[in-house]
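2 protein chains.
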Amino acid sequence: MHAVIMAGGRGTRFWPRSREKMPKHLLDIVSERTIIQETVDRIKPLIKPDNILIVTGKKHARELIKQLPDIPVQNIIIEPVGRNTAACIGLAAVHIQKKAKDDIMVVLPSDHAIGNPKKYRTVIAAAARAARAKNALVTIGIQPAGPHTGFGYLEGGTSEGRFGAEEVLHVASIREKPDLSLARKFIKSGNFYWNSGMFIWKASTILGEIEQYLPELYSGLMTIRDSLGNAQETQTLSRVYRQLPSISIDYGVMEKAKSVFVIPAEFGWSDVGSWDALWDISKKDEKGNAVRGNAPVILEDTSGALVYSTKKLVALVGVKDLIIVETKDALLICKRGQSQDVKKIVDALEAKKIHQLL
Amino acid sequence: MHAVIMAGGRGTRFWPRSREKMPKHLLDIVSERTIIQETVDRIKPLIKPDNILIVTGKKHARELIKQLPDIPVQNIIIEPVGRNTAACIGLAAVHIQKKAKDDIMVVLPSDHAIGNPKKYRTVIAAAARAARAKNALVTIGIQPAGPHTGFGYLEGGTSEGRFGAEEVLHVASIREKPDLSLARKFIKSGNFYWNSGMFIWKASTILGEIEQYLPELYSGLMTIRDSLGNAQETQTLSRVYRQLPSISIDYGVMEKAKSVFVIPAEFGWSDVGSWDALWDISKKDEKGNAVRGNAPVILEDTSGALVYSTKKLVALVGVKDLIIVETKDALLICKRGQSQDVKKIVDALEAKKIHQLL
Chain A
1 MHAVIMAGGR
11 GTRFWPRSRE
21 KMPKHLLDIV
31 SERTIIQETV
41 DRIKPLIKPD
51 NILIVTGKKH
61 ARELIKQLPD
71 IPVQNIIIEP
81 VGRNTAACIG
91 LAAVHIQKKA
101 KDDIMVVLPS
111 DHAIGNPKKY
121 RTVIAAAARA
131 ARAKNALVTI
141 GIQPAGPHTG
151 FGYLEGGTSE
161 GRFGAEEVLH
171 VASIREKPDL
181 SLARKFIKSG
191 NFYWNSGMFI
201 WKASTILGEI
211 EQYLPELYSG
221 LMTIRDSLGN
231 AQETQTLSRV
241 YRQLPSISID
251 YGVMEKAKSV
261 FVIPAEFGWS
271 DVGSWDALWD
281 ISKKDEKGNA
291 VRGNAPVILE
301 DTSGALVYST
311 KKLVALVGVK
321 DLIIVETKDA
331 LLICKRGQSQ
341 DVKKIVDALE
351 AKKIHQLL
Chain B
1 MHAVIMAGGR
11 GTRFWPRSRE
21 KMPKHLLDIV
31 SERTIIQETV
41 DRIKPLIKPD
51 NILIVTGKKH
61 ARELIKQLPD
71 IPVQNIIIEP
81 VGRNTAACIG
91 LAAVHIQKKA
101 KDDIMVVLPS
111 DHAIGNPKKY
121 RTVIAAAARA
131 ARAKNALVTI
141 GIQPAGPHTG
151 FGYLEGGTSE
161 GRFGAEEVLH
171 VASIREKPDL
181 SLARKFIKSG
191 NFYWNSGMFI
201 WKASTILGEI
211 EQYLPELYSG
221 LMTIRDSLGN
231 AQETQTLSRV
241 YRQLPSISID
251 YGVMEKAKSV
261 FVIPAEFGWS
271 DVGSWDALWD
281 ISKKDEKGNA
291 VRGNAPVILE
301 DTSGALVYST
311 KKLVALVGVK
321 DLIIVETKDA
331 LLICKRGQSQ
341 DVKKIVDALE
351 AKKIHQLL
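Top line first, the protein sequences correspond to chains A and B.
In terms of the numbering used here, the first sequence is residues 1 to 358.
In terms of the numbering used here, the second sequence is residues 1 to 358.
Chain A on its own, in the form it takes in the complex:
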């Protein structure tokens, strides 16, 4: 089995901690370890580091190598440019095929948090068995906690039976981010799941599907595969990759393919998509205050706060539901529930050309 961790994100929503050079997955936002370190730690009991690939951009490769000393440097695959998930997964698949044509590949986002890693591994192992047995594209569907409009949804269909303790369903439909009323209908129907962006399949299966539904991408990937290990490898990748179609794996393949399964699962998943999401998964005191970082914090008549500071003492008086993030060069104070607007701050910094804070 191989793991492919997709580590291409920008993570502007965690400004001022996340920066162009330091996207969310490289930050110790959720725990003492960075999110990608947690992601690797979590899968390691199933897949040894030699078989863990990380796909990333040039800007972040050095930091990744530093953060992941267990992962062989040649397993850090650098995309010359970002070309969405289909190309990223295809690139990883041809790398895996160089070693083992029919191996299972477990595709994982780099920047999610999982509350119950043991259950997570049980589900992944079941998915791998289903993918191998049925030559299928297997996804993980998260039992939704509510009508969230920030996620795609997977509609569960007929059962394909149990693999281990996990029931595997055919995917009846794949839905992009819905509006609130549609999301409510999904939740009411009871057979919709959040699309976690995790995929389990054989490298040969996904490449076969790409060949069928994205022939242009397939042809580019084959050119890249033929160059692997050659003197022209880097040059070929650089030339071919930027001409690949930029399309998501969901839209390009999953929505069209025949054998697509979903395993409904609950293992404390969070996409950690914003400061609000971080507050959701944080330990809180009896007044709902979550304190992170090592700095002393004094709370006077304060509730529902998320405070992050590493050095400077933070004192709060009479405030409610605030997100406070203090870094070396910037301070963010945001109403809880409005952290999606943090990207407006990043936009404003771009407009004002304050590049050193981006």
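Note that these hints are calculated values from the structure, not bench results.
Incorrect hints may appear among the rest.
Identical copies carry no separate label here, and so any pair may be met within one copy or between two of them.
Taking lysine-lysine pairs in the PhoX-like style, the calculated list, with each CA pair at most 20 angstroms apart, reads [claimed, not checked]:
#1 Lys335 to Lys283
#2 Lys311 to Lys353
#3 Lys44 to Lys66
#4 Lys48 to Lys101
#5 Lys177 to Lys188
On the provided structure of chain A, position chain B as indicated by the hints.
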């Protein structure tokens, strides 16, 4: 004419900017100049620097000397310990009498802001004329903007006539800080004024009153006066001063004396008593945001804020009525209207023995 600026305050209410070593009057909170620099600048057109005395404690003398290069060093009078306003004023009076027995002394708090300095000087000059003509204790009463419970009040009585353009009233009563219902009655009656803590009188007049109403203080002051210029001056002051009664000039003298006048005045006075008071007197944008300090500030869907930062960029998203003060080593975030509770933070720092932030 002499001025006596009382500069003894602690100013914990402006934490984290004010500290034990840096009370409010030494800070550039209101303008680019510090509050005591403004106080000196404001009175200088009436009283030359040679005749301006500053009474302060040992801890702040060095910084005062640095901030006030115009004021002769010997005019900085150091109290060995704090002994409330009666002793402070008495000490200044004996210093003035060394130079000129019957001179007017204008007693001024060090830490107030004045919107209209020209009008302020006109009122002081009128008060000096009244004090000289009538051997009276003259105070300045501020036309109250509302039923504030944080100030003492002066009740205006019969008129003593006009001095210049200013009407001078007898003081009918002096009231300590009232509760809200009493403050409302004061405002309704129309003849109550905020006690500004400014006093104008001849040095000989106030010493005469102290002799009559506070004989123990008077006797100590005479011992000190006799030592001025001697080799034993410092020793005598140190020994005698700490035994003086600690009592306010209002309670010890003004409430008992016969000839006490008040000049009702309006010249944009503020005691700058808290971060809230600073917001009140600050320039604001159309959404009521006041930005101070030189750091860039980005406001997104934000209103009613007071932001102070000198270096670090501050970004606010979706917040209302917050006071944000960022210093080198501490960050305060306080609901506007609750800044009187900032002293609870100072108490907490004391309890936790975080001395470096006090």
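**Message:** Of the numbered hints stated earlier in the document, which are not met by this structure?
**Reply:** none
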